[in-house]
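When you get a sec, could you build the whole thing from the sequences and use the hints?
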Amino acid sequence: MADNQEKISANYKALDQFIEDNNYSSHDLIAVLHEAQRLFTYLPEEVQRHIAKKLSIPVSKVYGVVSFYSFFTMNKKGRFVINVCLGTACFVRGSDKILAEFEEQLGIKCGETTEDGKYTLTSLRCVGACGLAPVVQVNGKTYGNATVETVKEILAEYQEQ
Amino acid sequence: MERLKSFEEFLTLSKNLEGLLDIKKGNVDSDKYVISVCSGTGCQASESKEIVETFNKLIKENHLQDKVKCLISGCFGFCEKGPIVKISPDHAFYVKVRVEDCERIIKEHIIEHHTVEDLLYVNPLTNMRIRKQEDIPFYKKQHRIALRNCGFINPEDIKEYIASSGYSSLVKVLQSMTPEDVIKEVTDSGLRGRGGGGFPTGKKWALTRASNSEKKYVICNADEGDPGAFMDRSIMEGDPFSVIEAMTIGGYAIGSDEGVIYIRAEYPLAVGRLKIAIEQARKFGLLGKNILGTDFSFDIHIKFGAGAFVCGEETALIHSVEGERGEPTIKPPFPAVAGLFGKPTLVNNVETWANVPYIFNVGAKKFASIGTEKSKGTKVFALAGKINNVGLVEVPMGTTLREIIYDIGGGIKNNHKFKAAQTGGPSGGCIAEDNIDIPIDYDNLTSIGSMMGSGGLIVMDDTDCMVDIAKFYLGFTVEESCGKCTPCRIGNKRLYEILERICNGEGEEEDLEKLESLSNVIKDTALCGLGQSSPNPVLSTLKCFREEYEAHIKDKLCPAKKCKALARYHIDDNLCVGCGNCARKCPVEAIYKTDIKSKRNSKLFLYQIDDHKCIRCGTCESNCPLKAISL
Amino acid sequence: MVNIKINDIDLAVEENTTILQAARKLNINIPTLCHLSLHVANEKNHNSSCRICIVEVAGRRNLVPACSTYCQEGMDIKTHSLRVINARRTILELLLSDHPLECVTCDKNGVCILQNLAQKYGITDNPYKGELSKDNTEEGSIIKRNNAKCILCGACETVCSKVQTVSILGHRGRGFKTTIGPAFELSLENTPCTFCGQCVSVCPTGALTQTSSIGKVWKLLSDKTKHVVVQVAPAVRVALGELFDRPLGEVVTGKMVASLRRIGFEKVFDTDFAADVTVLEESHELLERLKEKKNLPILTSCCPGWINFIEHQFPDLVSIPSSCKSPHEMFGSLVKSYYAEKMGWDPKDIVVVSIMPCLAKKYEANRKELSQDGLKDVDYVLTTRELGKMIKEAGLNFNDLPDEDFDSPLGESSGAGVIFGSSGGVIEAALRQIQYDLTGEVKNIEFTNLHSLDGVKISEVDIAGNHLRIACASGLGNARYLLELIKSKKDHFDAIEIMACPGGCVSGGGQPFHKRKLSKTIVKARRDGLLSEDRNKSIRISSLNQQVNTLYKEYIGEIGGERAHKLLHTVFFSKEDE
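Chains as they are written, first to last, in the numbering used here: chain E, 9 to 169; chain A, 140 to 770; chain G, 4 to 581.
Worth flagging that the hints you see were computed from the coordinates, not collected in a lab. Be aware that a few hints might be false.
Examples of chain E residues lying across from chain G (beta carbon under 7 Å, computed) [claimed, not checked]:
id	residue
1	Ser68
2	Ser75
3	Ala108
Predicted, not measured: the structure shown is a model, and the values here were computed from it. A virtual CB, placed ideally from N, CA and C, is assigned to each residue, including glycine.
See the structure below:
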């Protein structure tokens, strides 16, 4: 717990440094949010309030921006983030079925995190690897030509970790 | 490297670099080799990074450092066959290379000078192996302008770019042309915006130049958001310098000293390459204060998008750059008059920019000789879907869909039948077989109810349900609509709901008329380009595949057997042995035993499915040992 | 000039004229929903998002919004072609498909712009039934937010962020699920909302309304053990008539008093009486500070929205407003002490109801520090709108009622108390008093340069050798401007009057809804009503109010004395981290 607190305050420090170093103002809100999400992995209320204060903008504006862009999240993510591509190329090659299979295997809906905090299941639109469609990414690692059958194999890879 | 301070210094440098690409070009007869490994996102996903590492390890182990260089390159476009490894100077083109193949390539090709035959591309029509890139049908009909350097130069080395005529356009512009000359050249080339609507680029430049202001901005729209389109990403990954050079030319033409590249955060590789390129250009004095010793100063920085398709619309993009919600605002005022921070702003997309240096290199006239009357030059398409050769292709405007799909794309996957091609992403429409021979350009696509869009080209076959496809695109629009104006926010949602009902077998006859009239009002009244074009997938499929809609509504049938709710599972009496496995596994007890004896096992009885109880889960199908159950 | 044609009529308009403005010149009515001119605050909500005002322009591929498309030479415009009407109807059907169709029980029934348009365009069907985008309702103690009825016009956000600069309300989320509200889906009570109520004023539908206390007041009125007394703020009497089709700005004090009596209030008092008390206390405070040259400027404290604002936004400045309670709170505490004693009533049995043009007063009445021995100074606050409803519920024919007078004592007031309802009035009343106190006469009774509708008014006066620099701000954005000036010491003032609502209480958040709320015509008419009432008064200086003098003589003692402090003054808090 103490470790956690330390890490959080280190993150705030790093964020302030980032804003200072780049001489960022209210117009750079999105860049600051990117950095904050990189540091904290998500954007909880306290972080947004902190940013609002730092950049002298209303917190309603920060929240408006966070809730507008799909890249930003206010939910803590699991250790492994599974992204199923639902771009057109992947969709016509059956990625909707793959997403459904992940939902079934993990017992969560797209956008949710498993209770043990291990997996987050999300979808995205086109990672640009259409040659490998359908595509699944786990923490940035890409699995191409996925099928309903390979879902189990992919999950097995993370079983022990 | 010292900053270049004059044109002369640049010319000296470029003279010194002249031979740099000789091996790659195959101009020289030497015993030296260059191994180019594709490092686009697609190939990197298939371990191309590891391939480079392995090659470098092997080169070292075999003491070949003086003879062989392994370099990364941008995307070759032939993503279906990635990872791709090309050996120069003899142009051997290896496909689907795996880490374990590296050793053979080094041993057989580099040391023993034999081609590794089984890694070459096989022409599926002739079953013959093809050795050289240019002989592969996928490349034969292509004309690469925007992609000219992709797969050729090392995207992380400005010297290779300069050796490939890079920056000669900027030098020409700064040395001998007034801003008006520059704009005239772009206008004469007939270049039109490659990002969507196809607005004449020269006109946009002229408008921005004409706006009086101390401060102006140049923006590169790299927020490629069409699902299934990735040409802009490939250009930035494979040839970032061309975008930077072009923006610098644009800055000179309109009188701006500041450029912004607005890029999706989901493109980490492209971001990295752009950052390297900007750094190198600054170092060489090709960006920053007093470029090449002239009075002209120009610098570029990168701004990130955060996942909003609507930010491809230029006013929304500008608001996003300003740190706001990416909601479009009404035009006029156009960005050329009041854009970023209220200042005149020139916005072009990546592919448009990538064409610019080429135009100054070869001249507007030559550029304008390519293409059709009103659409000049080439267009890059991201070819995907049910097609054999998925990848990036660049063809002259006026090429037909048939040529792209069959000659370049290698035809439909698994010998299925072509049904439709979708261009323009969620804003575009479906093109059916009867229009497959229309020459593709801006105006022709619009006239058949689609649009060029950014260049996604998704091929569909007879297993694709067009109502389902329309629903897919509407689902995308509903998710990506910013929510500002009523027709887009509520109208598209209602369109989606109607399509959903139809796919679920709950469609009513008046739904078709409703779809049509609502679509037309949305087109007529939505605030921005996204909203105005969002009903296109509905309207175009309604026009070309009306009978498919009617089948869903009247016959409660999905001809492509895609819509689950309309599917009917049935047990083939000729195959069923009466094992009862299906009935035991059925979660809703929809399968019952009949009193008819199985033809294959007279001791057991046939099973049947009660369609009213069936929930179409497919459990029976996957559990039938004899594959007697199907849709 | 630009030559255009609208519906085949030729017209020349100035440059930078929108199609909407041009059409209005020809008396052509193009419907609008999201478009809103806040004349008084010089602000516009003009995001062309609802698309109801679309018109056809020859040569344009799409229909264009009239509210934000500027006339260009040669434009040929059709405002009601079949194409336009069909599109407008579809847009209305879409809006209604995502709207709870519960008009009969809606607070805005009859004054809802969406309802009005649906009627005009003959919408009788809901062809696009589907999912409702939002359903969360916040039944706050003051403002009721019903997101399901929100059409995302953004007028509330504009007024909250641009005019009032408090930026509580903002767009949240994206697409179909977009809502407008506070960050993190908080309730207004958990934000630095000032409850000025301007968002409620500009909302075209029932998405933002007030939480009503009518039911509770009716119940108490029928409780024979209670003495239910009522007081009315000055700005109510110049706006209430609008609800009964009377001319804008007409002073309806007599009929208002008569109706309150018939509704059943035991005593009907005038808050203006307490305004006179406020003038005495506040000018005394100002003179003290001037003498010591300390803690200047003094800021007025009668506007509760403004007090909420300074407590949250300028927590380090909470020591400079006058410590006076707002007039109706003074009144409440006087009723439960002085008047109770006089009447022999047990304060516990007294219920004080205030009729106010304001929503923040509802918040203020619940402040813990505004009570004596556990009894709230004011028990319930009703808005002008709520009073209108009660009059109708009681079946009174307002226009036929006789004119009646307030009850005495606590019913008399000077003209100085009346003008509290309009921006500049409080400071003008104080200036009259200071002149009188220092010179024994009043040469300048009216400070006409304080009467304007400008958001910031700065003026200088010399009174008996004192050179005073004074300022007035109405609208919280203007208040912020003045406070920044003081904070950065860029300017010096001796006294500043601040009203949260643009124009002062006459355009308060509790006043009758009006289609073009905050238009200058309405605010001006209501203000003129107050000025004329002032001019018709026989006394126009607070200290000449005999009933006030009796109060001090009989009960309070010294102005600014111990009892005055107990009953008439309060404290403010720094609420930075709430």
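Here's how the hints hold up against the structure:
At a threshold of 7 Å, the smallest CB-CB gap from Ser68 (chain E) to chain G is about 4 Å, leaving the interface hint in force. Interface hint status for Ser75 (chain E): upheld, as the beta-carbon distance to the closest one in chain G is roughly 5 Å, under 7 Å. Interface hint status for Ala108 (chain E): violated, as the beta-carbon distance to the closest one in chain G is roughly 21 Å, over 7 Å.
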